[in-house]
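**Student:** Protein chains in written order, with the working numbering: chain A, 334 to 582; chain B, 2 to 275.
Simulated from the structure, these hints should not be mistaken for laboratory data.
Heads up, a few of these hints could be off.
[To be verified] Pulled a few chain B residues facing chain A out of the computed Cβ check, cut under 8 Å:
| id | residue |
| --- | --- |
| 1 | L17 |
| 2 | L37 |
| 3 | E209 |
| 4 | M227 |
| 5 | I260 |
[Said to hold, decoys possible] Chain A stretches covered by chain B per the calculated footprint, using a threshold of three residues with CB under 8 Å from any CB of chain B:
| id | segment |
| --- | --- |
| 6 | 384-396 |
| 7 | 465-476 |
| 8 | 486-492 |
[To be verified] Estimated spans, in silico, between C-beta atoms of each pair:
| id | chain 1 | residue 1 | chain 2 | residue 2 | range |
| --- | --- | --- | --- | --- | --- |
| 9 | B | P144 | A | F386 | 18 to 24 Å |
| 10 | A | V381 | B | R241 | 44 to 50 Å |
| 11 | A | F552 | B | D56 | 53 to 59 Å |
| 12 | A | F386 | B | P239 | 50 to 56 Å |
| 13 | B | R87 | A | T369 | 43 to 49 Å |
Where a beta carbon is used, it is the ideal one built from N, C-alpha and C, also for glycine.
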Amino acid sequence: MLALKIIGGAIVGGAAILGLISLPPSWRKWIIALVTFIAGLFYFLEFVLPESFLTDWLQPVGNALMVISAFALGLGMVNLILIHARNVSQRKPGWYNSLSLLVSMAAMIIFGFWNRYGHSHIVGKIYDVLFNGMLVPLQNTMFSILAFYIVSAAYRAFRIKSLEATLMMIAAVIVMLGQVPIGTWLSQWGWWPKGYKIPEVANWLLTVVNSAAVRGVGFGIAVGAIATSLRIWLSLERGVYFEQIGGGG
Amino acid sequence: MRDLLLRLQNIDRRWLYVTLAIVVTLCLLFPFNLPLYISPQVKSLYDAVERVPKDKIVIVASEWDAGTRGENLPQTRAIMEHLMRRGIKFAILSQYQQGPRLAEAIAEELARKYNKKYGIDWCNWGYKIGGGMMLQALSRNIPKTIEKDIWGTPVEKIPMMAGVKDIRDVGLIVVMSGSAVIDGYIAFIRSVYGTPLGFGCTAVMAPEQYPFLDSGQLVGLLAGLMGAAQYEKLLSSPGRAMRAMNAQSMAHLLIIVLIILGNIGYAMSRGSKR
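Bound-form chain A, shown alone (with noise of 0.2 Å):
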């Protein structure tokens, strides 16, 4: 039944996506208008009104909103394909990075799937092996590799070339001292006033100084943001695509 519901749905987003594609740019480029407006309407009245017949609606607009989502994944996925395919087939420079992507992605797909559905052990060995194995050091690590970065980019950028620099490079100090316990164990030597050791003064920065500068600047996101979702949802954001598709606007 379930395998009968994804056939139905992806031959019926299929369908949609070729349909919207066949039809002349302007006419595409008001759909799409138009269902940005009214999507947004949806969630916008829903949010500010109290209860009503919209919040009975939450849940199936929810639910179109993962299937949209998932097409654009697939999207993606089928993107990523054709290029990699493209650098292998015609080998151009670097198309074994490509090929071990496509290998990857490829055993993955495979393994994942079989692993869900066909409750083999070795197959849900071989799975472990691909994602604890594999994927999560290979991920550590590049998320690892920052730390170096890191060490680098303070050595460099760290110099007392002007009072701000002083000031900056002071903070970032006492706020590095008191984030470890290296800041709690250096302020057990010698007198420290009640509320001033390393660890409460980084705290302080944190929290008060570092609070004030970050709602300062959460603030003009806010307003922005807000401006450019209201571009957004009366479509008055031409982009690329509706430059590409409606000869500009």
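Add chain B to chain A, keeping to what the hints say.
**Tutor:** For chain B alone, coordinates are given in the frame of chain A:
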């Protein structure tokens, strides 16, 4: 001597990398004890977990993947351990593909320690997409939004989900993430329904979260590995976060020493130009 001091402002980055690797490795291989300060934000989250009524569930939002595992895993583990110790039922939720599986492994490990059972003491709602819209729908109707758990069991058939209808049945949400996913929880759940919300984030994200603590939109904050270590200390259950704090301490100290050396070299070069 003067030349040597001048060269301090331009140490080859490869030496920096090697030094950092040696310092971190030695600290992990030869552990030692350093005192740990408990920040008010961590204590506040601990107290919030202590206050959760036993008849309500907690949502553990595992919004992270392997990239931020070093920081988010010990945080998730500490929160889950506290919940299991108190006997509070919890559900794992994630908008990251890897999140449910990574959190499930932690819950299974702790369940063996505390003799807890899946479906009775905790469950896994799995990977959900839809961002803010999904959270809005979840607040109004949990069973309809989640439908099935990660193993395909309908939510209504999970024993611990009996009587759980909407966000009013949730006593606390704790989000662990390395991204700005918390904004959705604040906007669509905390601000609308007042459900207490805690956050465990990576250390680089922490400075952006402090205003939410001030405003009361977050009940507590675990900032990076240090936050997890502080929570482990509160639980009196030293884990990987507390073990790793020495390495982080020495890495921070190394950065400070390098900054001082760089500035000595810089001061010397300015002196020679005059």
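**Student:** Does each hint hold? Answer for all of them.
**Tutor:** Now for the hints, and whether the structure bears them out:
1. Here the hint on B/L17 is kept, as its CB sits about 5 Å from the closest CB of chain A, short of 8 Å.
2. A distance limit of 8 Å between C-beta atoms decides the matter here; for B/L37 the minimum to chain A is near 5 Å, and the interface restraint holds.
3. Hint on B/E209 holds. Least Cβ distance to chain A is approximately 6 Å, under the 8 Å limit.
4. The interface hint given for B/M227 holds, since its Cβ lies 5 Å from the closest Cβ of chain A, which is under the 8 Å cut-off.
5. Annotation: interface hint on B/I260 holds; nearest CB of chain A at approximately 5 Å, less than 8 Å.
6. Residue count for the segment 384-396 of chain A with a Cβ under 8 Å from a Cβ of chain B: 5. That meets the three needed, and the coverage hint holds.
7. Residue count for the segment 465-476 of chain A with a Cβ under 8 Å from a Cβ of chain B: 8. That meets the three needed, and the coverage hint holds.
8. Three residues within the 8 Å Cβ limit are the bar, and the segment 486-492 of chain A against chain B gives 5, so the coverage statement holds.
9. At roughly 21 Å, the beta-carbon separation of B/P144 and A/F386 lies within the given 18 to 24 Å, and the hint holds.
10. A/V381 and B/R241 have their C-beta atoms about 45 Å apart, which keeps the hinted 44 to 50 Å range intact.
11. Here the CB-CB span from A/F552 to B/D56 is close to 40 Å, at odds with the stated 53 to 59 Å.
12. The hinted window of 50 to 56 Å between A/F386 and B/P239 holds, with their beta carbons roughly 54 Å apart.
13. Remark: the range hint 43 to 49 Å for B/R87 to A/T369 is upheld by a beta-carbon distance near 46 Å.
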